[in-house]
Amino acid sequence: MTKIDLDKTSVRSLNSNLQDNKDNSETLIENPKGKHNLAVGLTTEQKVHIHGHVGYYCAGMNQKANILIEGNAGPGLAENMMSGVVKVEGNASQYCGATAHGGLLVIKNDAAARCGVSMKGVDIVVGGSVGHMSAFMGQKGRLVICGDAGNALGDSIYEARIYLRGTVESLGTDCIEKEMKQEHKQELRELLNSAGFDDMSLDGFRRYGSARKLYNFDIDNAY
Amino acid sequence: MCGIVGLYFKNNNLDDKLGYFLSDMLVEMTERGPDSVGFAIYDSVAKQGMIKCSILFGGVDQGKTFDWDLLKNAINKDFGSESVMHVYGSHAVLELPTDSKSISKWMKVNFPELSLISSGKRIETYKEKGLPKDVINSFNLTNFKGSHALGHTRMATESAVTTEHSHPFSTGDDICLVHNGSLSNHNTWRRKLLKEGIPISTDNDSEVAAAYFNWKISQGNSLDESLKSALVDLDGFYTFAIGTKDGFAVMRDNFGCKPAVLAETDDWVAMSSEYRAIATLPNSEKANIWEPIPGKIYSWEKTT
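Residue numbers (this note's numbering), protein chains in the order written: chain A, 1 to 223; chain B, 1 to 304.
Wrong hints could be hidden among the right ones.
Selected chain B positions facing chain A (Cβ under 8 Å, derived; list incomplete) [to be verified]:
| hint | residue |
| --- | --- |
| 1 | 21 |
| 2 | 82 |
| 3 | 285 |
| 4 | 289 |
| 5 | 291 |
With beta-carbon atoms standing in for the labels, derived distance ranges [claimed, not checked]:
| hint | chain 1 | residue 1 | chain 2 | residue 2 | range |
| --- | --- | --- | --- | --- | --- |
| 6 | B | 219 | A | 206 | 43 to 51 Å |
| 7 | B | 48 | A | 5 | 50 to 58 Å |
| 8 | B | 74 | A | 31 | 21 to 29 Å |
| 9 | A | 31 | B | 296 | 26 to 34 Å |
| 10 | B | 246 | A | 147 | 43 to 51 Å |
| 11 | A | 214 | B | 63 | 57 to 65 Å |
| 12 | A | 31 | B | 199 | 30 to 38 Å |
| 13 | A | 47 | B | 63 | 49 to 57 Å |
| 14 | A | 173 | B | 188 | 40 to 48 Å |
| 15 | B | 188 | A | 214 | 44 to 52 Å |
| 16 | B | 246 | A | 194 | 47 to 55 Å |
| 17 | B | 45 | A | 204 | 48 to 56 Å |
| 18 | A | 147 | B | 48 | 48 to 56 Å |
| 19 | A | 10 | B | 237 | 26 to 34 Å |
Simulated from the structure, these hints should not be mistaken for lab results.
All values reported here derive from a predicted model rather than from experimental measurement.
In this text, a Cβ means the ideal position worked out from N, Cα and C, and glycines have one as well.
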């Protein structure tokens, strides 16, 4: 395992080392101290373990890498992730998993506003609650919320699926509750297990998705 | 984009290091605001019957200097020899036996080239155009003491980059505001507030917010009430931090676009636009850290 101390190494040098890592090895990053853009643009299978809190845009554009953050993450975590796994032991700030196409994003505690905004295929599992406008314009992928959701959940949602266990302050335009069929229970079980929430019961989870009323032009929607 | 920071000590053990910690936090916020920097420090209380006034010479931006002896002599003549004046480059902090309204009027008549940027029993305000590190060094911020402080690094989006346009802005005795964001209805509110007789000296949107709080508080509203009504009246994106004589308050607008992080240990409470400024504080890795919920008011105050 390689250790990189960000008190001594620049973020640019850290990222170029990680981007060049081709041998599936593990890297431990110490003293992140809220720095931005850590472990971005990785394209190979490897483990990255960040010990502490990270700033903006950590793990952005991730492909294949498995990134664990032992702390909180600032805004824009795993933005536009393509594949791989990003896991946060603490909380994540605004718009985590924004526009992400694939992979798995796990937030152990809470995620702030706009979690999974415009998600395009990523799976996001949040152990706690999410803020307002989560899964806004979500096109594809699954968002699992084990706690509560803020205002306007799933506003203008396309084909992303939302599983919510707690309460929702309000649903966004065109987002409705849908029947929880056997296939959805199975899908949810798999998502919870892959996030490490094996012990969590499926009881109380509800499914939300698009009413598909905004797909076609409706004169009543025009101002 | 701007950077804002706040630091509040829960006990007196750290008071000697307030300036030292605050300067680290502000330097860390340079990328969010390299244009200008400013800070309000809450230090010792002015003597009975006296107030502290922070005076700024805005001509510093044009490379001009001001002969502070002129002010000193005039103050001694009109307010008596017990008045005290400390000069810090483009700023002077006075302690004199008067009230804010009288000194404000007196300044306008006698020294229109100077600005009274704060007044009260404890507050001292300093701000200047320039890279945070350079300005902080020129004021020797690391030597400042006190119980709490607010700071701001500015990246202007709405109005000119000058010392006069920098934060913090005074919103009445011992109260000041720092702001990260932009207000879209500040011109409307500037006109309304000027009609109400609230002074506004620049075209800065944040100064309008400060004037708004000044107006609300002068009408007898509490700080909490004033912040709540700002959520309705002020349109735009903002995180506000407000310093008061004994504490500080933080509020984000309902959309919560502008960032803020709060952190608390047994010894201090800190707020910042980003965690990395808080990471410079002792024991920050063990702090309880959270993001303020949009539209909710967070405040700390020492009961004296």
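Does the structure break any of the earlier hints, and which numbers would those be?
1, 2, 8, 10, 12, 14, 15
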